[in-house]
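Q: Assemble the whole structure, with the sequences as input and the hints as a guide.
The listed protein sequences correspond, in order, to chains C and F. Following the numbering used here, the numbering of the first sequence begins with 49 at its first residue and continues without gaps. Following the numbering used here, the numbering of the second sequence begins with 49 at its first residue and continues without gaps.
Treat each hint with caution, since some may be false.
Since the list can't tell identical chains apart, any single copy or any two copies may satisfy a pair.
Pairs of lysine to aspartate or glutamate, DMTMM-like flavour, derived with a Cα cap of 25 Å [to be verified]:
(1) Lys208 x Asp269
(2) Lys344 x Asp204
(3) Lys253 x Asp215
(4) Lys246 x Asp177
Everything labelled a hint here was simulated from the structure, so no lab data went into it.
Protein chains: 2
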Amino acid sequence: MSSQNPVIGYIGLGLMGKAMARNILKAGYPLVVHNRSRAAVNELVEEGAVEAHSPAQVASQVDVLFTNLPDSPDVESVALGKEGIIEGAHDGLIYVDNSTIKPATARKVAEALTEVGVISLDAPVSGGDIGAREGTLTIMVGGPEEALERVRPIFDVLGKAITHVGDCGTGQSAKAANQIMVAAQMIAMSELLIFARKAGADPQKVIQAIRGGAAQCWTLDVKPERLFEGNRQPGFKAYMQAKDLAIVVDTAQEYGVPLFSALVDAQMYNAMLEMGMGELDNSAVIGVLETLSGSKLIEEAQV
Amino acid sequence: MSSQNPVIGYIGLGLMGKAMARNILKAGYPLVVHNRSRAAVNELVEEGAVEAHSPAQVASQVDVLFTNLPDSPDVESVALGKEGIIEGAHDGLIYVDNSTIKPATARKVAEALTEVGVISLDAPVSGGDIGAREGTLTIMVGGPEEALERVRPIFDVLGKAITHVGDCGTGQSAKAANQIMVAAQMIAMSELLIFARKAGADPQKVIQAIRGGAAQCWTLDVKPERLFEGNRQPGFKAYMQAKDLAIVVDTAQEYGVPLFSALVDAQMYNAMLEMGMGELDNSAVIGVLETLSGSKLIEEAQV
Numbered sequence: 049m050s051s052q053n054p055v056i057g058y059i060g061l062g063l064m065g066k067a068m069a070r071n072i073l074k075a076g077y078p079l080v081v082h083n084r085s086r087a088a089v090n091e092l093v094e095e096g097a098v099e100a101h102s103p104a105q106v107a108s109q110v111d112v113l114f115t116n117l118p119d120s121p122d123v124e125s126v127a128l129g130k131e132g133i134i135e136g137a138h139d140g141l142i143y144v145d146n147s148t149i150k151p152a153t154a155r156k157v158a159e160a161l162t163e164v165g166v167i168s169l170d171a172p173v174s175g176g177d178i179g180a181r182e183g184t185l186t187i188m189v190g191g192p193e194e195a196l197e198r199v200r201p202i203f204d205v206l207g208k209a210i211t212h213v214g215d216c217g218t219g220q221s222a223k224a225a226n227q228i229m230v231a232a233q234m235i236a237m238s239e240l241l242i243f244a245r246k247a248g249a250d251p252q253k254v255i256q257a258i259r260g261g262a263a264q265c266w267t268l269d270v271k272p273e274r275l276f277e278g279n280r281q282p283g284f285k286a287y288m289q290a291k292d293l294a295i296v297v298d299t300a301q302e303y304g305v306p307l308f309s310a311l312v313d314a315q316m317y318n319a320m321l322e323m324g325m326g327e328l329d330n331s332a333v334i335g336v337l338e339t340l341s342g343s344k345l346i347e348e349a350q351v
Numbered sequence: 049m050s051s052q053n054p055v056i057g058y059i060g061l062g063l064m065g066k067a068m069a070r071n072i073l074k075a076g077y078p079l080v081v082h083n084r085s086r087a088a089v090n091e092l093v094e095e096g097a098v099e100a101h102s103p104a105q106v107a108s109q110v111d112v113l114f115t116n117l118p119d120s121p122d123v124e125s126v127a128l129g130k131e132g133i134i135e136g137a138h139d140g141l142i143y144v145d146n147s148t149i150k151p152a153t154a155r156k157v158a159e160a161l162t163e164v165g166v167i168s169l170d171a172p173v174s175g176g177d178i179g180a181r182e183g184t185l186t187i188m189v190g191g192p193e194e195a196l197e198r199v200r201p202i203f204d205v206l207g208k209a210i211t212h213v214g215d216c217g218t219g220q221s222a223k224a225a226n227q228i229m230v231a232a233q234m235i236a237m238s239e240l241l242i243f244a245r246k247a248g249a250d251p252q253k254v255i256q257a258i259r260g261g262a263a264q265c266w267t268l269d270v271k272p273e274r275l276f277e278g279n280r281q282p283g284f285k286a287y288m289q290a291k292d293l294a295i296v297v298d299t300a301q302e303y304g305v306p307l308f309s310a311l312v313d314a315q316m317y318n319a320m321l322e323m324g325m326g327e328l329d330n331s332a333v334i335g336v337l338e339t340l341s342g343s344k345l346i347e348e349a350q351v
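A: Written as structure tokens, this is what we have:
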């Protein structure tokens, strides 16, 4: 990279990716973008980005290339497939994946790209669309620390807590660990709210009573008000939570980690999807318990 | 109660009860105490309390009577048994139970005491021995709100967050709800730490990376450092956590609440007890997963 601002590429302009790419653009970096659907590309091109027509074309033009894609096979295809990053790769390119995928896939992609001179960082994020827009994401980074230091100025416009966890894949392991706790809080909140409702205690009073003590957590701080208002719209979509828990389950199987509560939580999200609620917020998993208990959190949930 | 300070009774001077009784004494209230074992009684008598030789004797001398006992049968026996509170009860006595017991037992005791003119409040607490000593407990109150208002000045020396949840028993329901979330955080922390360890990520780095995001909770704020130092001493003893989860399970059965994750968490604590770790801190439940995974959190856990 020269002393001028490096040229950045961003592939995958979904809810998260578009907001993150925009923050990079706003910070003054030249930006090349690529996305399967056109609307987000057009938006960013109007704001000053340049379009490229394949991942290979992005890779050939940039110093640092970001991706933000739905799942492990998408990343593998965009990185290593036909017209993929690997076909436009050049020596010294730094590849940063902001997707949440399997640690094993992150390692596979990094190893293949190493062969063509590319340094890879797995850098999944937490903090949702609000964090993405406001540049306050938590970023968990696996890969060579010196590569992280070189791209840190760009990370600083995306997030506020950037932690180097370890070798390639460990950023994804940290994200999976994060999702174990997030899911546990969501399911526990659902269970305790239905418990309170059926035991004859006002769930709103119960939340008020317990949220300041040892039960305190991000989920109890943020989600109950939305549920009490009958708002189950995302936020973080349940099918993405289910996908992330599938990564947890697969990875636990791979490494021989006996998980109990996390497996139950994964099944609750799988049930939620089968019941047709996958597009709702991850806190709307309470709907599974409402059905199973024959009891609504509020009289007329405006789901 | 006269305009002078009311006379207070406190029965059950364990780790929590003794600290709470002491705060009442320090605030200038005349205090009558009773306890099965003598040491704690002697301590408080030296500090100015008066001893009584049965719950009935305490009840006959005081305006407000607190209990803090291990489990539901203990409360039922001290309140309604031979030489129990009911035998010394008088019209206008306010009875406050700080124990964590079944909501059903709280209601049974309150109904029996109503017959002899006693008003009952179930007022379980959260915040541990530190909260008890420092007077910063979270207190969840069920029972008549006007009775709570009359004793609120005393509650104010015990805790900082005092919430009236609803009718008799709902304080206990709120505490059970609280324990669903606390247990979920403890088990999720254990699972994610072992997951990180086995997936080749440094557990300390993972905690550092995730604790500021959506996974943030009291448990991740407080417990990992102790575990990384090899310290598994209580804190809040695991057998008490197991007892509280048994209340959750019993009460869920009584009210027809289908719980999934909370039942798994309860089983993890039951296993912990059977494995001989019941006297350790509730965060030491990670020991169950260490055994099942053949993997230690730290090289030489100084358990």
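Q: Now look at each hint and say whether the structure bears it out.
A: Quick rundown of the hints versus the structure:
1. Lys208 x Asp269: Answer is both; intra-copy 20 Å and inter-copy 18 Å each pass.
2. Lys344 x Asp204: Classified as neither; 43 Å inside a copy, 35 Å across copies.
3. Lys253 x Asp215: This pair counts as between: shortest inter-copy Cα distance 12 Å, intra-copy 46 Å.
4. Lys246 x Asp177: neither (34 Å within a copy, 31 Å between copies)
The structure is inconsistent with the numbered hints 2 and 4, although it conforms to all the rest.
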